Structure formats: C-alpha cells, structure tokens
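Asker: These are the residues of each chain, in order.
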Amino acid sequence: MGDFLLVTIQVDMHDRLAMTLQDDLTNLISRTGSRGVLIDISSLDMVDSFIGRMLANIAQMSRVLDARTVVTGMRPAVAITLVELGMSLAGVHRADRRAGDGAAPGRAGAAEYHERGGGRGRGRRRRGGSRGRGRRRCR
Amino acid sequence: MRGVAAGLGFSLIDQTKIVTAASELARNTLEHGGGGTCRLEAVAGSRKGIRLTFEDQGPGIPDLSSP
Numbered sequence: 001m002g003d004f005l006l007v008t009i010q011v012d013m014h015d016r017l018a019m020t021l022q023d024d025l026t027n028l029i030s031r032t033g034s035r036g037v038l039i040d041i042s043s044l045d046m047v048d049s050f051i052g053r054m055l056a057n058i059a060q061m062s063r064v065l066d067a068r069t070v071v072t073g074m075r076p077a078v079a080i081t082l083v084e085l086g087m088s089l090a091g092v093h094r095a096d097r098r099a100g101d102g103a104a105p106g107r108a109g110a111a112e113y114h115e116r117g118g119g120r121g122r123g124r125r126r127r128g129g130s131r132g133r134g135r136r137r138c139r
Numbered sequence: 140m141r142g143v144a145a146g147l148g149f150s151l152i153d154q155t156k157i158v159t160a161a162s163e164l165a166r167n168t169l170e171h172g173g174g175g176t177c178r179l180e181a182v183a184g185s186r187k188g189i190r191l192t193f194e195d196q197g198p199g200i201p202d203l204s205s206p
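Those sequence lines, one after another, are chains F and V.
Start counting the first sequence at 1; every next residue gets the next number (our numbering).
Start counting the second sequence at 140; every next residue gets the next number (our numbering).
In case anyone wonders, no lab produced these hints; they're calculated from the structure.
Predicted model only: the values in this text are computed from it and were never measured.
The C-beta atom is built at its ideal place from N, Cα and C for all residues, glycine as well.
Check each hint, because a few of them may be wrong.
Here chain V is said to cover these stretches of chain F; the calculated rule only asks that three of the stretch's residues, wherever they fall, bring their Cβ under 8 Å from a Cβ of chain V [said to hold, decoys possible]:
| hint | segment |
| --- | --- |
| 1 | 24–34 |
| 2 | 58–68 |
From chain V, some residues computed to sit far from chain F (all C-beta separations above 10 Å) [unchecked claim]:
| hint | residue |
| --- | --- |
| 3 | L151 |
| 4 | I152 |
| 5 | T155 |
| 6 | S162 |
| 7 | E163 |
| 8 | A181 |
| 9 | F193 |
| 10 | P201 |
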C-alpha cells in the first residue's frame, strides 16, 4: 500500500496560502509517489466556494498523478451548506473515521475508512516540521 | 459575525449558511467590485434577524437578457 499524505487545515486560508498548498501537495505527491492525500477539515466551521475550488483542484491534480484525494472531518452544518450552495466537490471522496479509530491514517489506509458518496467541498496551516503539510506514513 | 448570529438565536446550520454567504459576497465585493463595505445589522421587531449589506462601486454584471 502506498503512502497517504495527511494535511490538516486549521486556518482561514487566504489565496496565496491555498495556491501554496495546492502546489506543495502536487510536488509532494509526485516526488513521493503517494497514492493519495487525506485532507482533514474537521477544524473548518465554514467551507465556501473558494475552499471548495481548492479541494476540487487538489483532487484533480492528484488524480492526474494517479493519486486519490479524500476529505475527512466535514462538519454536518458545512455539508448541508455546501449542498444548498450547489457546490460539488468534483472528484473528492469523502470519508469519516469510525468512532474509536485512533489509528493514524497511514496505518489505517483505505480499509478502516467508511467511504460515503463520491465526488460531489479558521486556523493556521502548520508549516514545517514533521507535523507540517505533508505527513508521510510509511507502510 | 458568527457570534452575532449565534447571539440572535440562529441555529448552527443557519449560522454556517450566513457566514458562508457573507464570505462569498465579500469575495465578490473584493474581486469584482474593487473593494467595498459590509454593514451588519441586527434586525429587531416582529421577526428577529440579521441583515448583511455589501456595497461596492464595481461595474456590475451586464444584463445579458436585454437586447
């Protein structure tokens, strides 16, 4: 099983930061041969079209590189709002961790995640260090 | 803004919709309107509510339906 990159978004992303994230992830996927990106948005109490576009872009770029994008932690109020906004997170898979699953994403891989529906997207993104944008889990 | 909405008694879902709509409007105001203002008012009366007014001096969108 290939690696999954883990990204936790904890901040309001401004445009440049979002572009940086997209570029960084693309480079990282390409360089590490990762099978996918897991984007944790559980800290976001709002996802607007800007963030939605960013997630869809990441999904598109990773797909070109034969990797998958999975978004996890979407809050119910956010999900409802996205649906009513008519926003489709094209190409973005959604997944939720089962309760009690304390395993790191890399260890869990795809098997422990319950996947729902496919494709239809205020903190500070941490930079640097092993807890930065791309945390690699080796399998 | 979310705090104001919460204080007015809006549900979590409605709060999220409000701040998301506000984010979209703010973005439009900045990107297409060349900047502008946002006014937030609490509405009292028979129905309580929140009013957000975004104003810019941008060119607007042409009326595609007119000849």
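Asker: State for each hint whether it applies.
Answerer: Results of checking the hints against the structure:
1. 24–34: violated (count 0)
2. 58–68: It is violated, with 0 qualifying residues against the three required.
3. L151: Contrary to the label, V:L151 does not stay out of reach of chain F, its closest Cβ about 5 Å off (not over 10 Å).
4. I152: 5 Å, violated
5. T155: 4 Å, violated
6. S162: 4 Å, violated
7. E163: 6 Å, violated
8. A181: 20 Å, holds
9. F193: 14 Å, holds
10. P201: Answer for V:P201: holds, closest chain F Cβ roughly 22 Å.
Consistency note: the structure conflicts with the earlier hints numbered 1, 2, 3, 4, 5, 6, 7.
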